[in-house]
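Respectively, the protein sequence lines represent chains W and D.
Counting along the first sequence from 1, when you hit position 28 you're at 479 in our numbering, and nothing is skipped either side.
Counting along the second sequence from 1, when you hit position 66 you're at 71 in our numbering, and nothing is skipped either side.
Just so you know, these hints were derived from the structure itself, not from any lab.
For every residue, glycine included, the Cβ atom is placed at its ideal position computed from N, Cα and C.
Incorrect hints may have been included.
What the hints assert, rightly or not - A few chain D residues that face chain W, going by a derived Cβ cut-off under 10 angstroms, partial list only: (1) Leu51; (2) Arg99; (3) Asp100; (4) Tyr103; (5) Gly110.
Below are the chains, spelled out letter by letter.
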Amino acid sequence: SAVISQKPSRDICQRGTSLTIQCQVDSQVTMMFWYRQQPGQSLTLIATANQGSEATYESGFVIDKFPISRPNLTFSTLTVSNMSPEDSSIYLCSVEGFQGQGNEQFFGPGTRLTVL
Amino acid sequence: RKEVEQDPGPFNVPEGATVAFNCTYSNSASQSFFWYRQDCRKEPKLLMSVYSSGNEDGRFTAQLNRASQYISLLIRDSKLSDSATYLCAVNIIRDSSYKLIFGSGTRLLVRP
């Protein structure tokens, strides 16, 4: 499977500011995904980031709040804009592998965000 | 109804016990199924893909029941190191693309 890194690993931010999270993969991948995992909850898909096109957002998530870039096949960023304490969460990127019978995803180590 | 549902547990079992988790899904068109393991403050790691015929990897066995729309994970001879949260995930097609939907996870505690 691919090696996935994220920066920063954690951050504490003031409300009203923005944070950009980077996701780097050691091989070229077509599909990259951004998830949020709030405390004690499971993973919720924010958006799918495909190279060369606009990200596709899930219901409840909008581009103005979570702009995403995907400049090439190994890199993506997620920005959490105009943060509020409700945005405190772990943000994870994932990539789609091609093992087995289809569409497994492998996750980066996550970015733990606390908004004060 | 949630698309993917799991009993949150915790399942508290002694070392050496056999434990089984179920996960139900609502979309009958779901194609791919997975079990992930998540340790505290870590990212989910793929444990097993779940194939139609069922599959086994050492002490772990995964089964798919399409008629009743559930997948299961059986852990035999539990180890202390098996303590974690187990997430099931189901791949569905939505808006012409695949999306992985996760259950809320089942917490397993293996005691000495």
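Which hints, by number, does the structure contradict? Nothing - there is no hint that the structure violates, so all of them hold.
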